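**Student:** Chains as they are written, first to last, in the working numbering: chain G, 243 to 567; chain Y, 2 to 321; chain S, 163 to 466.
Hints may be right or wrong, so weigh each one.
[Unchecked claim] The calculated lysine-lysine pairs, modelled on BS3-like cross-linking and capped at a C-alpha distance of 30 Å, are:
1) G:Lys320 to G:Lys391
2) Y:Lys123 to G:Lys320
3) G:Lys320 to Y:Lys237
4) Y:Lys237 to G:Lys253
5) Y:Lys218 to G:Lys364
6) S:Lys192 to Y:Lys130
7) Y:Lys130 to G:Lys391
8) G:Lys264 to Y:Lys123
9) G:Lys391 to Y:Lys218
10) G:Lys364 to Y:Lys237
In short, the hints are calculated from the structure, not lab data. Owing to the predicted nature of the structure, the values given are computational and were not obtained by experimental measurement.
Given next are the chains, with one letter for each unit.
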Amino acid sequence: MTATLEVCDLKTHFFTRAGVVKAVDGVSFTVGRGKVLGLVGESGSGKSVTGFSIIGLVDPPGRVVGGQILFQGRDLAKISEEEMRQLRGNRIAMIFQDPMMTLNPVLRVDTQMIETVLAHEKVDRESARQRARDALGMVGIPSPEERLKSYPHQFSGGMRQRVAIAIALLHRPELIIADEPTTALDVTIQGQILAEVQKLAANTGTSLIWITHDLSVVAGLADDIAVMYAGRIVEEGQVSNVLDAPLHPYTVGLIGSVPSRNKRGEPLRQIPGMTPSLLNLPAGCAFRSRCARADEVCLKEPALFDLRPGQRARCFHPHLEEVAA
Amino acid sequence: MTVYLLRRLLQSLLVLVAMSVIVFVGVYAVGDPVEILISPDADQFERERAIRALGLDLPLWQQYLVFVKNALQGDLGRSFVFSEPALQLILQKMPATMELAFGAMFISILIGLPLGLYAGLKPESPGAKVIMAGSILGFSLPTFWVGLMLIMVFAVQLGWLPSTGRGETLYGWSFLTANGLSHLLLPAINLALFKISLVIRLTRSGVRETMLMDYVKFARAKGLSPARVTYVHVFKNILIPVVTVVGLELGSTIAFSVVTESVFAWPGMGKLIIDSINVLDRPVIVAYLLIIVLMFIVINLVVDILYSVLDPRVRLEGQA
Amino acid sequence: MSDVTLDKAPVAPREETPFRRFVSEFMSSKIAVGGLLVFLVIVVVALLAPWIAPQNPYDLGQIDIMDGRLEPGEVGASGITHWLGTDDQGRDMLSGIMYGLRISLTVGAGSALIACLVGASLGLLAAYAGGRTDTVIMRLVDLQLSFPTILAALMILAFLGKGIMNVVIALVIVEWAYYARTVRGSALVERRREYIEAAQCLALPTRRILFRHLLPNCLPPLIVVGTIQVARAIALEATLSFLGLGVPITEPSLGLLIANGYEYMLSGKYWISFYPGVALLVTIVSINLMGDHLRDVLNPRLKK
Ligand SMILES: Nc1ncnc2c1ncn2[C@@H]1O[C@H](COP(=O)(O)OP(=O)(O)OP(=O)(O)O)[C@@H](O)[C@H]1O
Ligand code: SF4
Ligand SMILES: [Mg+2]
Numbered sequence: 243m244t245a246t247l248e249v250c251d252l253k254t255h256f257f258t259r260a261g262v263v264k265a266v267d268g269v270s271f272t273v274g275r276g277k278v279l280g281l282v283g284e285s286g287s288g289k290s291v292t293g294f295s296i297i298g299l300v301d302p303p304g305r306v307v308g309g310q311i312l313f314q315g316r317d318l319a320k321i322s323e324e325e326m327r328q329l330r331g332n333r334i335a336m337i338f339q340d341p342m343m344t345l346n347p348v349l350r351v352d353t354q355m356i357e358t359v360l361a362h363e364k365v366d367r368e369s370a371r372q373r374a375r376d377a378l379g380m381v382g383i384p385s386p387e388e389r390l391k392s393y394p395h396q397f398s399g400g401m402r403q404r405v406a407i408a409i410a411l412l413h414r415p416e417l418i419i420a421d422e423p424t425t426a427l428d429v430t431i432q433g434q435i436l437a438e439v440q441k442l443a444a445n446t447g448t449s450l451i452w453i454t455h456d457l458s459v460v461a462g463l464a465d466d467i468a469v470m471y472a473g474r475i476v477e478e479g480q481v482s483n484v485l486d487a488p489l490h491p492y493t494v495g496l497i498g499s500v501p502s503r504n505k506r507g508e509p510l511r512q513i514p515g516m517t518p519s520l521l522n523l524p525a526g527c528a529f530r531s532r533c534a535r536a537d538e539v540c541l542k543e544p545a546l547f548d549l550r551p552g553q554r555a556r557c558f559h560p561h562l563e564e565v566a567a
Numbered sequence: 002m003t004v005y006l007l008r009r010l011l012q013s014l015l016v017l018v019a020m021s022v023i024v025f026v027g028v029y030a031v032g033d034p035v036e037i038l039i040s041p042d043a044d045q046f047e048r049e050r051a052i053r054a055l056g057l058d059l060p061l062w063q064q065y066l067v068f069v070k071n072a073l074q075g076d077l078g079r080s081f082v083f084s085e086p087a088l089q090l091i092l093q094k095m096p097a098t099m100e101l102a103f104g105a106m107f108i109s110i111l112i113g114l115p116l117g118l119y120a121g122l123k124p125e126s127p128g129a130k131v132i133m134a135g136s137i138l139g140f141s142l143p144t145f146w147v148g149l150m151l152i153m154v155f156a157v158q159l160g161w162l163p164s165t166g167r168g169e170t171l172y173g174w175s176f177l178t179a180n181g182l183s184h185l186l187l188p189a190i191n192l193a194l195f196k197i198s199l200v201i202r203l204t205r206s207g208v209r210e211t212m213l214m215d216y217v218k219f220a221r222a223k224g225l226s227p228a229r230v231t232y233v234h235v236f237k238n239i240l241i242p243v244v245t246v247v248g249l250e251l252g253s254t255i256a257f258s259v260v261t262e263s264v265f266a267w268p269g270m271g272k273l274i275i276d277s278i279n280v281l282d283r284p285v286i287v288a289y290l291l292i293i294v295l296m297f298i299v300i301n302l303v304v305d306i307l308y309s310v311l312d313p314r315v316r317l318e319g320q321a
Numbered sequence: 163m164s165d166v167t168l169d170k171a172p173v174a175p176r177e178e179t180p181f182r183r184f185v186s187e188f189m190s191s192k193i194a195v196g197g198l199l200v201f202l203v204i205v206v207v208a209l210l211a212p213w214i215a216p217q218n219p220y221d222l223g224q225i226d227i228m229d230g231r232l233e234p235g236e237v238g239a240s241g242i243t244h245w246l247g248t249d250d251q252g253r254d255m256l257s258g259i260m261y262g263l264r265i266s267l268t269v270g271a272g273s274a275l276i277a278c279l280v281g282a283s284l285g286l287l288a289a290y291a292g293g294r295t296d297t298v299i300m301r302l303v304d305l306q307l308s309f310p311t312i313l314a315a316l317m318i319l320a321f322l323g324k325g326i327m328n329v330v331i332a333l334v335i336v337e338w339a340y341y342a343r344t345v346r347g348s349a350l351v352e353r354r355r356e357y358i359e360a361a362q363c364l365a366l367p368t369r370r371i372l373f374r375h376l377l378p379n380c381l382p383p384l385i386v387v388g389t390i391q392v393a394r395a396i397a398l399e400a401t402l403s404f405l406g407l408g409v410p411i412t413e414p415s416l417g418l419l420i421a422n423g424y425e426y427m428l429s430g431k432y433w434i435s436f437y438p439g440v441a442l443l444v445t446i447v448s449i450n451l452m453g454d455h456l457r458d459v460l461n462p463r464l465k466k
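My request is simple: use the sequences and hints to build the entire structure.
**Tutor:** Here it is in structure tokens:
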């Protein structure tokens, strides 16, 4: 059967006054039914823009300029805005990074939930309300009936993110794009929410794209992982393979900078340098200026090489020799 | 909270005292109080009596106390022209001015909000550019000249609307009768002109800011229709600040009605004060100034208190 | 942009001074340059009025009451064509407007200049002295700004009476606070800069610190506020004169000319009010267009 989502060579560019920012430049990946894909990479690598491209919410001056976004076989890049609207929040849902900002401060929670139900289904208000209440209960909000009448500012950050998740679940979508949904929350609440989302995905067969820069989250949650750097995927594969035996120097650096994966006493390794400006990115490997293994070969553009079964990396000198610690 | 309120009240009182001193000094020290307060038509005997009655032979600070004492009893002198208590005269004219001011504020929201919304939603469109250029004009055009032009076009050339007066009133209000309403329309539009520009700018920048908010994007991600996103999610957020600002402008609208009332011969407080200044009816001038100052202080106070109730940060600051 | 310089040889790179950059940035907006040109024309017309006006409207020998309320384009008894008509006294409106501009501009610019001097000095003093001086001055500023200008001006003129000097005084009193607030704001920022501290260490006299170091840095915002305030002063003077509280009949500004035509407007003789109003409008709008763009050019926050 077809995968839930198949992204091929997606290109999303921002046409700014200073020049064209190639925020996403030829990204491809597949998310199978009921699978969780972890999309990682440092700030500015194009993770959010990828998510917004899928759901059709790239704001000007940005535009999807190329590629296919096949959702259950249908190319989202080609359908009309109205058809896209009917999918949004219905078959594909998105959860944003900052729970404090995702709910409208001047509208009550019930308004914001019921309108989502009514946007896609012709039901009466009472049953829409019923659905909203059930969804709140499902994400573990106590006494949902009363909470429906509250305004967002009467909720804590964790509670607000639960509300956002409940809204995403209202129509039991086939795909949820979660853009760093737990980054703004403290660790215990992160854990709770992760567990719940995992349970929900397993129970409903929903596919998930989990955007994060926190590798430890991905380790526990995702089936597959895609590492982004400067608008491209530099390594992808099954979570266990990639995290245990990373191939791309950038992935190696990323894993090295996670405290829990280091041996005690060993200093944390930082990736030197900064994300390059996406304006006028020089030809060749984008990681070159920060890479210890770079040489003249890297002045050419590396392709995504199949290096091991189920693991690919965009590098001329991958870490093939090392064995995982 | 109580402490904050008390302190705020005390501040207002101080401003009021300061302003009364300024007005007092303006009347008694800069000009010749005899000339200012006693009708020029009075004969010698009347003058003498009035000087003693007003305590003009006393030292200045005592005179001020007498002035304050009278003012507190609602006695701000009698108009030379109408020989009526000045205060009463002004209060009689107040409804006309209030009607005009509220009419103007209503119109400014009615016209300014949709235009600002459009300019904010489609900032690059030609329509938006025209609206914004128009709002610059609205800020720069002198109110009185626009008033004249309105009269010229709508009253003289087209003959659609009357140019002067309040028309028929019901219970003292023009807007309750069709005739009165037609009289109200031009002056209210004239007075609203500046505020329309203000509302357009506020709305536009509010829309543009709000459109960038995550919750608007989230609303779109929920699959809501563009109309619902705009008119519920964006609009509701900007409505509160815009209406608040317009409310804050009540004082300045009343002040600027002086000009509009003169142009359209609208019989309100503003026209009264200009007429009084022109015939040197000084007790009325003094009374008007004190009432306006009081009004301003009350408006500012109410707004401050409202803010402190609504915004927790202000409240904390007051307690600290 | 680039196609404008097509036929010119590339200009030799000159030293980029802040002033040159300012000029070239200002020139980048056609609207602002248009405003500047229109304003310059108005100033020249006002300056040259006695020589270029068809008539001296205040020379009773030149006007004929029989020419009263002629329509635009009619020829009067003296053989002059009155392109903009005549007023009730038979004065040529075009000449009246040229002379009126002189008074409007003088009062507007004069009061703005005095207000700027007073306000800037007080603002600098507040920023530099700090403490109680600062508090007192800023309280006054707040008080002044919380009352609408028209009301304050009205109040002052009610006490002082009519007259050009009194109008100027009133305008200065209602406007100084804008300058004071602006200068204090930017002076406070500049004050913290190191070079001020350095200057203080060298024990330079206060006056020198104020005028050599602080003032030049406060200048850009002051120019912006000043431009807009000139327009506001002209508008306010016109309003006051229209209300009969401003300039005396012997020195009619545009506002008074408009007021004179008011009663004739209802009988369809629009030109007596209309054309002075257009002159007033063009003056104010041209200044505001410059001011709007100046704010963009001089506002450091908008610069990238
Ligand atoms: N509106 C915009 N205009 C111009 N460039 C933009 C715009 N939005 C995003 N970009 C560019 O796209 C790139 C990718 O941004 P994106 O938000 O996808 O990063 P991210 O990987 O989600 O980072 P983070 O972890 O900080 O959320 C950034 O480098 C940014 O410069
Ligand atoms: S291609 Fe070269 S520069 Fe790029 S990551 Fe691999 S080794 Fe480093
Ligand atoms: Mg992001």
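**Student:** Against this structure, judge whether each hint is valid.
**Tutor:** Hints, one by one, checked against the model:
Our distance criterion of 30 Å between C-alpha atoms is broken by G:Lys320 and G:Lys391, whose separation comes to about 40 Å. Between Y:Lys123 and G:Lys320 the CA atoms are separated by roughly 24 Å; this keeps the pair inside 30 Å, and the hint holds. Of the pairs offered as hints, the one joining G:Lys320 and Y:Lys237 is violated, with about 33 Å between alpha carbons and a cut-off of 30 Å exceeded. The suggested pairing of Y:Lys237 with G:Lys253 is violated, with an alpha-carbon distance near 35 Å, which exceeds 30 Å.
The straight-line distance between the Cα atoms of Y:Lys218 and G:Lys364 is roughly 23 Å, inside the 30 Å bound, and the hint therefore holds. Restraint check for S:Lys192 and Y:Lys130: the C-alpha separation of about 15 Å stays at or below 30 Å, so the hint holds. Restraint check: the Cα-Cα separation between Y:Lys130 and G:Lys391 comes to about 41 Å, which exceeds 30 Å; the hinted pair is violated. The straight-line distance between the Cα atoms of G:Lys264 and Y:Lys123 is roughly 25 Å, inside the 30 Å bound, and the hint therefore holds.
Of the pairs offered as hints, the one joining G:Lys391 and Y:Lys218 holds, with about 23 Å between alpha carbons and a cut-off of 30 Å not exceeded. For the hint pairing G:Lys364 with Y:Lys237, the CA-to-CA distance comes to about 25 Å; that is within 30 Å, so the pair holds.
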